Structures are given as C-alpha cells and as structure tokens.
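Here's the letter readout for the chains.
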Amino acid sequence: MKPPIFDYATPASVAEAIALLARYEGEAKLLSGGQSLVPLLNMRLARPAVLVDLARIAALDWVRVADGVVAIGAMTRQRTVELAPEVQERHPLLHAGLQLIAHPQNRNQGTIGGSLAHADPAAELPALAVALDASFEAAGPEGTRTVAAADFFLTYLTTALAATEILTSVRFPMLPARTGWAIQEVARRHGDFALAGVVAVVGLALSGAISRARVVLYGVGATPVRAAAAERLLEGHVADAALLASASAQAAADLEEPLTDVHASADYRRDLARVLVGRALAEAMTRAHAA
Amino acid sequence: MTSTRRIGMTVNGERYEADVEPRTTLVDFLRGTLGLTGTHVGCEHGVCGACTVLWNGKAVRSCIMLAVQADGAELKTVEGLARGATLHPIQQAFLEKRGLQCGFCTPGLMLSIDELLARTSAPTDTEITDTIGGHLCRCTGYQAIVEAVHLAIEKLRTK
Amino acid sequence: MSSAEKAIPRSLAEIPNSRPRYIGRPTNRLEDPALLTGRTQFIDDVVLPRMLHCAILRSPHAHAKITAIDTSAAEKLAGVAAIVTGEDARRWSNPVMTVPPGWGTHCLAIDKVRFVGEPVVAVAATSRYVAEDALELITVDYEPLPAVVDARQALAVGSPLLFEENGDNVMFRKLFTWGDVDAAFTDAAHVVQRDFRWHRLGANPLETFGVISQWDEVEGTLTCRGSFQAQNHFAMSRAMVFNLPLHKVRFISHPHGGSFGGKGGARGTDITALLSRKSGGRPVKWIEDRMEYLAGGASQAWDRHYDAALALDVDGKVLGFRVRLLDDLGATAEGWGAVSAAKPLTAFTGCYAIPAAQYDLTIVATNKLPGSPYRGMGPPPHNWVLEQLMDLAARELGLDPAEIRRRNFIPPAAFPYTIASGNEYDSGNYEATLAAALAMGDYRALREKQARLRSEGRYLGIGLVTTIEPGVFDWNAYAIVGQPGTGVPEGATVAIDLFGKLTIKVGFALEGQGQYTVAAQVLADWFNVDIADVRVIPLDTLSAPPHFGPGGSRLGVAVTGAVLGAAQRLTEKLIAVAAGLFRTTPDQVELRDGRIGVKGNPEASMPFQEVAQAMLGRSDLLPPGIDPNPEATYVWTAPGRTPADDQGRAKSYLTAANACHLVVVEVDVDTAQVRIEKYWIADDCGTRLNPASVEGQTQGGVAQGVGAALLEEAVYDEDGQLRTSTFMDYLLPTIYEVPMTVKQALCTPSPFAPLGAKGCGEGAMHATPAAILCAINDALAPLGLEFREVPASPQRLWTLLRQARRDR
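Chains as they are written, first to last, in this note's numbering: chain A, 1 to 291; chain B, 292 to 450; chain C, 451 to 1258.
The shape of chain A in the complex, shown without the other chains:
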C-alpha cells in the first residue's frame, strides 16, 4: 500500500494554487488534511499527476466568531475549531458535530474545507452546513464567489466548485434565540461514517409553536438531504409525539433510494432515518424549550 509517483507543489497563496490547478488541467489534486485522500493514494485509487498542498497558505487558517457567524478558513484543522472556546460556547451544534468526525487524531490533521470539498454524503460537516444555511467562499481564476450550502453539494463526492476553484472559507451562522438543535447518528462504531445521521434545528415562536424547522439527513443519499416536507409539517405547529412521528415518517418516506453497502441496506437506512429524525427532533425541542 504505497502511493504511486506524483509531483508535489506548495503554493504560498491562493492565486498561486489556482494557477497550478489551471496549469495541470484536471491532473492536479488539492491536498488539505489528507485524511481521505492519502488513504486513496496508498491504495493507488487516486493517481494525480501533482498534489497541490494548501497547507502553506497561511491565509486559509483562521477562525472568527463574530456578527452571529462562525467563519472559518478552509485549511483550519477541525480540531482547532472544535477546541476553540468561543465555538464551544457560541455554536454548540457545530462543536457537537465536529466531535462526531472520526477521531481526535484525524481531526488534528483533517481540515474544515477539506471535508466540505470532499463532500462525502455520510460526513457530518456537509450536513451541518446545509442545516445551518452556511455559505462558502470559493476563489478561481475569475475571482471569488459565494455559494450557498444548498447549492454546493451536487452529488456523491461532487460539489459546485469548478476544477480550477478552491474553497477558501465557510460561514456557519449561529442559531437564534429560542432555538434547539440536535445531531444524532448511528454508526457501526463511534467515529465510523454514519449509516444514517440527522441534524435537526427547531425554533419556537412565543406561542410555543415551531416557527422554523430544519431537518437534514446524512449517510442516506448522494448529498446531505434536507427533509423539506417534514419541515413544513412541523412549522406552525406545537410539537407533540404524533407530530414528531409524522414528520419523521415523512422525512424517511421522502428519501430517494439510500445507499446499500456491506453495513446497511437501503431499507435499514431509511428506517434509521425515521427513528433518528424523531429522536433528534425530540432532543432539539427539549433544548429549544430550555433555550
């Protein structure tokens, strides 16, 4: 299990990195934390002509918590964000989600941007991004642009980034008051990719009714899947067991055929989605009432 031969470049700036991508015309591969890429290299399942390592671009490594947003440079290590006290305090959902990513040893090396741009549909960060209406900043030969999370994940391991574009930062809005959240998943072992997972966010009106619901599933489709119909069922109503049950049934029913693999069938994943949506909503409701 040794990587094939490739060249290696260490651009010092985003512009330099973009130029390298353009020069190699699809033969280059960006290297961020390498937690997904290097195993593929070791297995010789990835064979780039050149690796463009973004780690030397200092301008991509930062966390800023301000103005209702946790903004993070793409090359910031997941563990750095997880251990940042202001993230822990002011964005507990993001903090909780980060703790579900593999193991601390992976998060020490793995980056926020790397995970998002890799777009594994069973990963936590893409689902968090969709659930929180995160926005992505991408830089390319034509300049920079902002992409909404809802438009970012196209299909399995594929994003809206062009071949010559680089994800430079992501902004995770914080949750407003009277809002509860939960992230729940079932994996074979702690730290494994989820067989199914859900991020739930519920906001309560003063009446106690759900004013805003956000339910995003992961591990059950080609991208993070927003359970829009289930959200509509919830919004405007006071939550009770029956409502949560119908919302979770709706979320599961609306899934397109989930993946079948050696660990779980499509039907099992769908059923897990149903159970987890119900449990996550209940947990989120409890938090919302306490908030």
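Please note that a few of the clues may not be correct.
To be verified - No more than 35 Å apart at the CA atoms, straight line, and that leaves these computed lysine-lysine pairs for DSBU-like:
id, chain 1, residue 1, chain 2, residue 2
1, B, Lys-450, C, Lys-1193
2, B, Lys-446, C, Lys-562
3, A, Lys-29, C, Lys-526
4, C, Lys-526, C, Lys-515
5, C, Lys-1193, C, Lys-899
6, C, Lys-1128, C, Lys-767
7, B, Lys-446, C, Lys-1193
8, C, Lys-698, C, Lys-951
Everything labelled a hint here was simulated from the structure, so no lab data went into it. This one's a predicted model, so the numbers in the text were calculated from it and none came from an experiment.
Use these hints to put chains B and C onto chain A, whose structure you have.
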C-alpha cells in the same frame, strides 16, 4: 520519472534533512530514512492508529501523511518519550498497569495520551475515551490502558 | 538423566524456596521496557545488506484459469531485481502440506486461481514503492470460471470444483458417535433443535505477517527471519516445500505484534524464498500490508453452518447432544486446515455431564480465502451453539438459565472426568464459578431490573454462560483429521554464568502473553534470585531445544514445565559438585532459598552461584568425571497423553479451565443497536503464574469476543469478491464497544500440570460471543424472536425485528 524534494524537520529535538520522493509517507520516512522504527505500521489507511506521532504537538496518523507535508515541522515519536533509561511517566504507568501486551500499538497510543496530558492535567473520562478511541489495540481490551492513563495523570501531577 | 529423575513440581510448595517472590504475583514484565521505548525489533524493523522488497500481484477473480502472464515491462523497470510466477514455484518447490492432505497448492497460482487475493506473481525490487510500481506493469490474462461461494452449494451436484482431481469439494466427512445417542434422543422428554450460522472472522493482530528470506545456493541453505508463531513448525514445512534437509533450514522468529493464531505467512515465506533464489541469494523482505492480510492472509476463520440438538429428560438433565457442522474452509486446507473443526472434541460437551454425543462433520472447499486458526481454534462457535441451546432448553422447560446449568454440571467430585468425546478434564468446580458470577452481578437484582425496564418498553438481556477452555494443546486431538503425533515438546535451557547470573534459552519469540516473564519468575523463585538476574534469550530453530511455542493455550504451562525440569536438572548437577566440595554424598546436599548446603547444617552452605563458579573456574576442586557445565536442558511434554481411537477419543489437552460470564446488554429495538451495559467474569484457571497476565488475557479475549459477536465479518459477494477489504469495513472493536469487566479469580489447581496452572491464553474468547448472543436472545425473548447468527450485526437484527413488526 521520480523527482525528490529536500525536506527538513526536527524529530525528538534532533534536526534532520533528507531528499525524499513526494510520495513517501511520513511513517516510511521516519522508519526507513531516519531509522526510527519505534513507530509502527498497522493498516496504512489511517484507521488503526499504530503509526501515531506528534506533529507540532498534535497526534496524527503518520501513515496518511506524506513526509513532505511535515517539512519544517517538529515531530515527536516514541523514541522521544524516555530520558535515557528513565521511562516517561506514561511509559512507566503502562508498565505498572500492564497497558500493553504485544506492544505494537503502544507507541502510537502513548503519543496520543502525551498530547492529551500536555493539553490538560485533569482530562475527563470522555476525553480519555476519545483519545484511546482513535487507536485499535487487539490484545488488551483497553481496560488496562485506561488504568494506565489514570496512573500517568497521577504520576505527572506528583512529579 | 536417570529414570529416578524427580517429577515436575505441581505446586509451589515443591520448589526449593520457602519465600517465593514472583510466582503467583502480578510481576512486571521483563519485556516491557523495550516495547515501551520502541526498541523491540519487530521484523519490519530489520534491514539487511542488499535487501530487496517484495510486492505480490494477487488474483482479482474468485475462480479463473490463468491463460497468460506477461512480466516483460516490469522486468525493465529500474530497481526490479527478480520476478517469480507459478512456473518458478513449480520448478523449485512443492505444494504446501495440508490437513487433510491433497487440498493444497503452490505458493503462487499455477494454471488457475481459486480465491480473490491468491498470489499470482511476485516482484523483488529495491523498495516496496518500486515493487508496487512494477506490479502495475504486469499483465495477467484470466479466463473466469464459475465460482462457488456458499458451502451448501459447494456440496451440490454440478458445483464448480476447486480441485477437479478430487472429484468433489468435500475435504473431510465423518460421523463421530460417542455413546448411545439414538437412545438418548428416543428417550428424551424434550428435544431442542436449532440451526446456527457463524460467519467468517479472524485474528487481525495489529502487526501483519512479515518475513525476510535468504536462499544461499552455495551452502544450500534457507534462512528466514520473521514473525512466525511456531518457528519450528514453519521450518519443517519449508524443508518439505523446498526438498531441503531440516538442518539446512534456519528460522529466526522476531517478536510479534500479536498473533492469536492468525499470523499465517507460509505463502509469503515461500514466495520470498523463491525471489531470493532467483535474485542470486539477496535477502528479500515481504511485509504483508493490511489489505493483503484481509484478502489473502490468515485473517479468516470459522465459516460455519450448524444444526444441533439437545435431548433432555423432564428435569432438564441433558441426555444427549448432536451437532451437525458444515464447515467452509475456503479454497484450500493449507495453514491448519481442518484442525479447527476437530478441536471441539476436546471439550465437546462443555461443563456438562452429557453421556452421549454425536458430531456429524463435513468440511468443504469454496472459492474464498483459506481458513486460518484463531484464538480458541474451534470451540468459540461450538460453545455458542451449546450454550444457546442450553438457554433455549431452559426456556422450554421453564427453568432459569443458571438452574439448568447447575443441574448438568460435572460435579467437583467426579474429576478427573472423561467426557463423551474422550478427553479428560483434570479438575474444576463449575458450581462455584457460576455462584461467584451470579453473586458479583447480583443476578436476582438484574432480573428484577430487566422486568422493570421491560414494562417501560426497554429490552435488557442477560447472558449467562459457562464454558471450558481446553489448555495445553496436543497433536493427538487432531489425529482424526490427519494430523499425526502425540505430545508437543517444549524445551528450555537454563544456565548460570561465571558472574552468577541466569539465562533461559527458549525457542519462541515474544507475542504479547508475557511468557518470558513467566519463565523468569519460575527460575528466579527456584534459585531465590532477583528476577532482574534472569534473562530470557530466544534461539532459532537450529539452536533451541525442541520447541513449538505459543498456541492452544499451552505455552505458559509448557514453559513452566520446561524451566522447572531444567532447573531441577541443573540443581542436581550443582549438588553433585557441592557434595564434593563439602566432602559428603549428593543425597546429603540440597538447594534451599538460593543456597546449596548440607542438609541440617546451616554452617555448611554456600550461594548456588559459587558452585557454578567453581564448575567454570576451579576444575581442581571438582569431583572426577563431573560435567563442569552449569547448564541444563529439559524438554517438557504433557504427561499421560494417549493416541486417539477411531472415534477421535484421546486424552488430549491436559487442562480444562472454566469460566462463567454474566453480561447485560440493551437492545434498541428501533435502531437494532446492541449496547453492552455490564460484564462480570468468574474464572478458574488453576494457579495463576502471573495474575496480571491472566487478567490481561481475559480482558483481551472479551474484546475479541465482542468483535466476533457484534462487529467483525469477512463478507464475500456471490461472485466471491471480498467486500470487507479494509479496516473501514472489517471492524475491530474499539474502546467504545468493549466493556470494562469486573473479574473474580477462583483457583482449582490442576493436579497434573506444572505448579497446578491451567492453560488460559485463549480465555474469554471461549465465552464472550456466546454470552453476548445469549443476552441478545434473552432481550428478544418477550418479542418471541430468536437470533442465531454471528455476528449480530445491526443489519441482521433489524431485519429480524422488522419482520416481527410486520408479523404483529
């Protein structure tokens, strides 16, 4: 065509420089080029944790890191734990609590614990579990490892 | 030595030390400082001059004809020194020995491949990187053949055949009958019969196999360094594979990063030997990578289909036990082949006095990786079948699981006890072990809690199993599947040097169980020295006394016997010299607490070291005709073993350790997740030579048992493709899944084994899978469900639960 790249790094306080192929994994560099064979290879796809080293103080899996990525870094491997014949408190705790059997996963595991105990002198049970959770040990069933961590905390506190 | 030689001490009271400091105490391990500092030299740490690195091209097909191999492009790659194919293997080697015979191949495929991952071509190059580059330049043309992946289909007429010349895929078939089983089932008030399925899983030590082979064509020798679990056995097999006299084959075993039976490596050793020969004698290293281990190594064991039944009388007393086993061994019977299906004979009826039993054993070949040994060898699945049937019988009879076991235990007074399948259990007190576990866990309170939570819609399950761990393996247990021999010798040489320090030379490498420390504990206490004054030195196959090494829960007991025997002989030598020095006769001289002196005269004594120094440096003082070497060797083998009869009955394994496991699980019936809540173990393995080591073996066995019960499975699809080819999919248990157990030690010393110790290295693996599965079934019982598959993966549990949801 193979091209090499000059890299330099500090390992256990010693400065090394070498030419490497970019494809050389960090663990192969440490073991093969530097001869620091205390770091072990268990899976080469980042799951088992046997190859864990400290990279600028942070525990990482050196089988899924390239040597070139560590250019300029400070690394610590198991060879950097003991001072001469005096075992590091973590090593001594592993010995006393029998936190190892075959000892193959142990160097990596101890470095993860080293990182944890450098960050906090009083880790929570969850933090201890999460630290060990990134390592596979096929021999011990983990119980003695947990006991070793608790003893190491005590030893470091009274040091 | 003379026939008057003393027997090996069976208790600590028999050694010449009134205050032993080490045996029976949790002594720190001698091996640990080197392991903890990264200094222990594992095989991959070894670099030899001009060494080459091997990479192996493996079959992507489960079954295919090889029509062409083109290595020409790879040969031209800079750094490539040699390439070997099946043609080289045919020219220079023989097929490996198999059990049973006739189901083996050469180390590299010739003409056809039989499983995905089978080695086809191997390259030796200046680095592993270059060797893997070379593999990509090799083309192999295959003509795919239909594959048979399911054991039952392999038996069907018209099935694809693994070995056409054998006529069918049946490697072994025999019906063993012990006692009047038919009568037992005819007379039974209750018969409980079920089928069970145990899927493939295996050892996965953290270190894979590795070897460096060097073929010297001038000397006509083969030297191999590697992580060989049983180096002597390896050397013998290689001598046969390469037509070499055994004394031309030298095996040097390095410390292993775990083994658990599943280290394997025969093919890799043979391949590197061929590459070394072809490269003109350069040393060739092969380190199996994890994906190679999972697809082509010793990573899979126990692919079993059971149909089993208990016959019981009205009181729940078991009258008979029938087991039909279809064992899927995969593509060949290499490694230890059918041995694992034979081992249950050593403890077929578990802890119970069951007078009649039957074993209908069929072993078949399929297009999957050949099966390998794994901790416990064969009994873990067998114990699960027996223990689960005991639970189901209890349910049918309205008995508590503890009570049905109590009613069937072999009583303490009945030992030594010969079980229906012929082995003799040395000693035990099963009722006491059960009682200890029940008390530790407060069994009654657990049942109350279970009832309470059930009324709240939660499904707690309590698993209670009692098992035997056969200890100190013997070849005679495997005579029925074609493995000859009775007795397994283990030798040790002990010596005193000129400065008075001690060495023990043995024929096995470190593996994790701590046997060097055990050996040193025994010798330190024998001579009453500090354990730091004892050093254990591993020797290679040509230097060490006859040996086997670790395996079959034997080495702790066996090396203790060897060291005691050697120490005893050495003491006799010292006494003969001292008798001369004290001008008396040897019968008047004794070793006591580290001094050798005249019995009853404390003035006339000296430290034993001084006697040794006189032997080495003062020939003038020695009695005439004395051997001046303060060194002695003893080769221990279990006493009283008997050859097997035609039904496989023999006194085989010397000791029978016993454990009772009590576990509480909770099944989340909505997500099909199983969580282990609590775990208690009462364990009786006789004298614990090093209690901390025993505890470690127990807890490690629990972890592997959890993996087997819930996580680990080598999955093949219908085409014979392996779908669990990495550690992302083959799931070893982590700290999150493994319970921290509460343990209690009981001690019924073995009356036959050195110092009363019983084999205990395989330990909890015998009980944990059964305990967890019984607990899951206990949880599911109120739903009217039974789950009889290992591992109890969430997907399987969910399928069962969903079916039940639909049926309701």
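**Request:** Mind checking the alpha carbons of B:Lys-446 and C:Lys-1193 for me, to see if they're no more than 35 Å apart?
**Result:** holds (26 Å)
**Item:** Hint consistency between C:Lys-526 and C:Lys-515 [alpha-carbon to alpha-carbon, up to 35 Å]
**Value:** Holds, at about 26 Å.
**Message:** For C:Lys-1193 and C:Lys-899, compute the direct alpha-carbon distance and say whether it is at most 35 Å.
**Reply:** OK: C:Lys-1193 and C:Lys-899 at ~22 Å, within 35 Å.
**Message:** Would the hint linking C:Lys-1128 and C:Lys-767 be met if the CA-CA limit is 35 Å?
**Reply:** holds (30 Å)
**Asked** Does C:Lys-1193 lie within 35 Å of B:Lys-450 when you go C-alpha to C-alpha?
**Response** holds (32 Å)
**Prompt:** For the pair supplied as a hint, A:Lys-29 and C:Lys-526, is the alpha-carbon distance within the 35 Å limit?
**Reply:** holds (29 Å)
**Message:** Hint check: B:Lys-446 vs C:Lys-562, CA-CA at most 35 Å. Holds or violated?
**Reply:** violated (60 Å)
**Prompt:** Keeping to a limit of 35 Å between CA atoms, is the pair of C:Lys-698 and C:Lys-951 held or broken?
**Reply:** holds (33 Å)
Violated hint: 2 only; the structure is consistent with all others.
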